[in-house]
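Hey, can you piece these two chains together into the complex? The hints should help.
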Amino acid sequence: MRRHISPSAVVWLVFGGAYFIIPLVATLLFSLNQQQTGHCCSLHAYGTILHDGAFWSNLKTSFLLALETIAIGLLIFVPTIYLVHLKVPRLRPVLAFLALIPFVIPPIVMVVGLLSFYKGSPTWFYAKPWGFLAAAYVILAFPYMFFSLDAGFRSIDLHTLTEASQSLGASWATTLVKVILPNIRSACLAASFLTLAIVMGEFTIASLAAFHTFPIYIQSINESEAYPAAAVTLMSFGITWLAMLSLLFVGRKRGGTRLLAGVR
Amino acid sequence: MAYLELQNLHRDFGTTKALDGIEISLGEGEFLSLLGPSGCGKTTALRLVAGFDRPDDGRIVVDGRDVTRVSPNKRDMGMVFQAYSLFPNMTARQNVAFGLRIRGQKRTERDQRVLELLELVGLSHAVDRYPHQLSGGMQQRVALARALAIQPRVLLLDEPLSALDAKVRVQLREEIRRIQLELGITTLYVTHDQEEALSVSDHVAVMYRGRIEQMGSPAEMYSAPATPFVAEFIGTMNRLEGIVVDGGVEHAGKTLQIEEARQRPRGDRVLVLIRPETVEVDRANGASPAANTLVGDVVTQTFLGPVTRLKIIGTGVDVIADVPTQKALGLPVGTRVTAALPAEGVRLLDLKDDLPEIAEEPAPAGP
Numbered sequence: 000m001r002r003h004i005s006p007s008a009v010v011w012l013v014f015g016g017a018y019f020i021i022p023l024v025a026t027l028l029f030s031l032n033q034q035q036t037g038h039c040c041s042l043h044a045y046g047t048i049l050h051d052g053a054f055w056s057n058l059k060t061s062f063l064l065a066l067e068t069i070a071i072g073l074l075i076f077v078p079t080i081y082l083v084h085l086k087v088p089r090l091r092p093v094l095a096f097l098a099l100i101p102f103v104i105p106p107i108v109m110v111v112g113l114l115s116f117y118k119g120s121p122t123w124f125y126a127k128p129w130g131f132l133a134a135a136y137v138i139l140a141f142p143y144m145f146f147s148l149d150a151g152f153r154s155i156d157l158h159t160l161t162e163a164s165q166s167l168g169a170s171w172a173t174t175l176v177k178v179i180l181p182n183i184r185s186a187c188l189a190a191s192f193l194t195l196a197i198v199m200g201e202f203t204i205a206s207l208a209a210f211h212t213f214p215i216y217i218q219s220i221n222e223s224e225a226y227p228a229a230a231v232t233l234m235s236f237g238i239t240w241l242a243m244l245s246l247l248f249v250g251r252k253r254g255g256t257r258l259l260a261g262v263r
Numbered sequence: 062m063a064y065l066e067l068q069n070l071h072r073d074f075g076t077t078k079a080l081d082g083i084e085i086s087l088g089e090g091e092f093l094s095l096l097g098p099s100g101c102g103k104t105t106a107l108r109l110v111a112g113f114d115r116p117d118d119g120r121i122v123v124d125g126r127d128v129t130r131v132s133p134n135k136r137d138m139g140m141v142f143q144a145y146s147l148f149p150n151m152t153a154r155q156n157v158a159f160g161l162r163i164r165g166q167k168r169t170e171r172d173q174r175v176l177e178l179l180e181l182v183g184l185s186h187a188v189d190r191y192p193h194q195l196s197g198g199m200q201q202r203v204a205l206a207r208a209l210a211i212q213p214r215v216l217l218l219d220e221p222l223s224a225l226d227a228k229v230r231v232q233l234r235e236e237i238r239r240i241q242l243e244l245g246i247t248t249l250y251v252t253h254d255q256e257e258a259l260s261v262s263d264h265v266a267v268m269y270r271g272r273i274e275q276m277g278s279p280a281e282m283y284s285a286p287a288t289p290f291v292a293e294f295i296g297t298m299n300r301l302e303g304i305v306v307d308g309g310v311e312h313a314g315k316t317l318q319i320e321e322a323r324q325r326p327r328g329d330r331v332l333v334l335i336r337p338e339t340v341e342v343d344r345a346n347g348a349s350p351a352a353n354t355l356v357g358d359v360v361t362q363t364f365l366g367p368v369t370r371l372k373i374i375g376t377g378v379d380v381i382a383d384v385p386t387q388k389a390l391g392l393p394v395g396t397r398v399t400a401a402l403p404a405e406g407v408r409l410l411d412l413k414d415d416l417p418e419i420a421e422e423p424a425p426a427g428p
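From first to last, the protein sequence lines are chains A and B.
So in this note's numbering the end of the first sequence lands on 263, straight run, no missing numbers.
So in this note's numbering the end of the second sequence lands on 428, straight run, no missing numbers.
In short, the hints are calculated from the structure, not lab data.
Every clue listed holds true.
Facing chain B, according to a computed beta carbon distance under 10 Å, are these residues of chain A, among others:
1. E162
2. Q165
3. R184
A virtual CB, placed ideally from N, CA and C, is assigned to each residue, including glycine.
Chain B with its partners taken away, still in its complex shape (with noise of 0.2 Å):
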């Protein structure tokens, strides 16, 4: 059974729909990450969430009670936020202790508490320092401790780590899961990182302007994207525009054999989706291709780690693939490269006309 439930909600700014019918419902103990673009309205669903906004429209359901209108200092729900919130006059143990206190929790139980939640964050030497004594990740170490000591309902949490450098974002996140997972609280997770939504969630649902455009298990959302937004966000995508013909997709003067295409009326303007990753790239030699493959230069090479990404520009072609890093030493910059594109396991999505324009995300080559 649904444990928060997120019904129809609708909330306006002026002209602006930041949130248009958004339905969600998550079971107790789960992980939801609400995964977008800056004003995709994810952040607004969160604070009507938490209580310190009011939806225009719809109800927030938390363990069959709605508290659409209570006040957020009767809700219990736990929120770290994006920008530093621990109270500056305060300690870490006194930051910890304050939802307590509100509580009239007895000192003696309220002492252990904070020094169980301040170990739980690894932060069992730090009981007595003040925010500004403690690094960036710390001070969210904190805010997190404070957040669970209320035991609240639902964790709320607002782009927790978006202030701290790369290496202490990866640390962070999984402990976040793995105290997600210990005290088994259901949380709500706002991020626009989609790295960070696929490595912790139990669910991850993206959203674009103010409606959730797909919602799944991370493994779904990357495997089978529901929209060219979706395609777009999560991980990176060669879009190829094409026309379906007999036995396939027409593409840059070729015919591409598609699986999908089959099922399709001739003459549908198709999206052809395809991850980089499955893209076989190998030297040109001169014979008439192969069937499903491009022809063209690599112009770029970005070496990612174990993988490198080629550019690869042909006439008509433009398209980008991982290959392995030893693989694509072998392929410099200039040579004739022929890309294999796979039949199976490729998405193709209605064309719409107005494809997003995502601006944290390099788009992925496309003709």
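The shape of chain A in the complex, shown without the other chains (with noise of 0.2 Å):
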């Protein structure tokens, strides 16, 4: 059956639609004009960005980034929010307080509060991305990780699942990674999605810990040069939405089509 679109959802739409790319095919004019004159059409923009080495360390940089607090982001709250759901579901609601504080907290006040918390930290912890802003990211993605991860764990039955691993004799271990992960694979893309997009495009505690991240590169673009600073952002723009493509084709190259069929 075909399905009759009313006239004002068109217009509602449109103006919705139009509300998102304007912008985009805004700066994406403007980044193709030309340096000297002004007008269209250029990609010098464009070869000045990607011919700059501090684009590509600061990218890589943000990506690692990314990926690392993905990784601990899972590692941490997968195993948690499974116990808490199993074992002491009155923990929840705190939890899901808990989760709220990076949401309410700005990120100015969090940043100076971890900066003097973890003064005196080993050099290899507190100068490095890696360490101190990793550390950061993983609480800042915290409010991301367990909303998407405690809906997937909601949509399972998660108690007989568990019971019927064990009955079988899998430890706790193996039901975890065997049984509950592969159920709840679509939530832990959600929340490495969203985890993706925020390291991407995080800018306060990088500046103000001093890190060199992708943000701060923008930002410095912006600052002396007009045009590549349009063309920065829009590949930003890009490059996030790959990442985030070849995430969900990495997470779902296995799980095929029973991804959907089988989280009911």
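Encoded structure:
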């Protein structure tokens, strides 16, 4: 049956679409302007960015940081939320409350607090993005990780699956890895996407803690060169989407179509 | 010698006594059903045997070994759950193979065993289907095969048929029994459906408020209920309150001549239990009724197939009787009838003040 779309719905869709698309198109057009004349069209701005070594190194730092944050986050939160659901469900509201804290506390307050808290910790941790910054980002990603995973755990019959697996001889760890994780794969993917997007775009903490990440690079370009700044903004947008798509692809490759069918 | 023993099991949840001193002794290869209404403790008992919960007191012994403190993944108990419990990310074959993989069995042996089991439960055509591609009945068959794959010491079934429709339920319970007998596996089956319990078990234990009211063969439970609760829960029963007098029991102003009453002191308050199929119903012909016969009007007829259940109400009389459907056609609602109660084979129980209320089963007629 073909669904009828009312004219007012079309108007709202166009309006909503325009809200997101117009700034992107405007940025694209601006980025194509020639450096000298200020008129269309040249790819010079893109060339400038792509030939800048700092672009690649900062992009790499942010991307690896995102992967590290995702790995640490999943490693900490999956078993924690699993055990809370299974053994101490009354603690779930407490976790949900804790998960809201990174939303409520402004990043500027958080970074000042974290910097003074970690002051005096070893240099390999304090002075490296893989240490201090990753630790801060795990906290920042906590709400996104928690609510995605929580929804995933709630969508399956956790108790029955766990007990069935245990009665067949599986330990806790085996049950989690072989039975539970494959069935909350889409929740893990969602948590990873959100974390990736956050880390790729986080500015305040990286800036105040004086680390060179991708958003810091965009900011520095923004201050010095107008057209390349527009180009790098668009590129960062594209790169984040590409990264998400590749994560989706990797995550789904093994699950295939049963991913959706399995999690009912 | 007992293979599975539950010794004096106690389990409290807050102030509720879920299990209050359960004693069960089951021989190897026997099939015991734990039967009772919701909240009677039957599932709690099963979960203690499976190891998902620990008793506050008491022991669970399997084949002479105390397993009370053994964790569930080391107990070798096969369990089939009420809820669909297949792993959604695995095919039927992978589900059945799961326990064997955990045990590190060789692939060739494993594959063969999995196929044998799926054939045993009649699903050799669906080995590569995922749970969401299987019907409820098929899922429970796979769950049964999966539980049997590990060659468990005891098979535990927690209301495995309650989510299925009536026809599949009957079919599957017969298959469970066939497979259980074929493999000779000791089985503990939890259900609230008395018909299910009576039809497949070697022994039935009726539970109420965390205790076992009575345990025996299905025939014993039906013909000789030991407590009013068991009488109420198993089958349908007329419960007539009365007082022991010389030569019988006084009920509704009449003296019913009942053999068993002779051994009781006069004045005892008793409950007379009479199965509806033993009540003889005839059209009242105006003559004074014979001994043990109550008079009343047919107020409802319930068609049950070969028999029709009549509810008969008169002055102080409220009984139900099952009569052949053919005969019931001649006794329409409003007919004045006589209901002759048998003198022998009637059970008398002490009348306690707290007669149980059972939600699942409508209480049979009683004054």
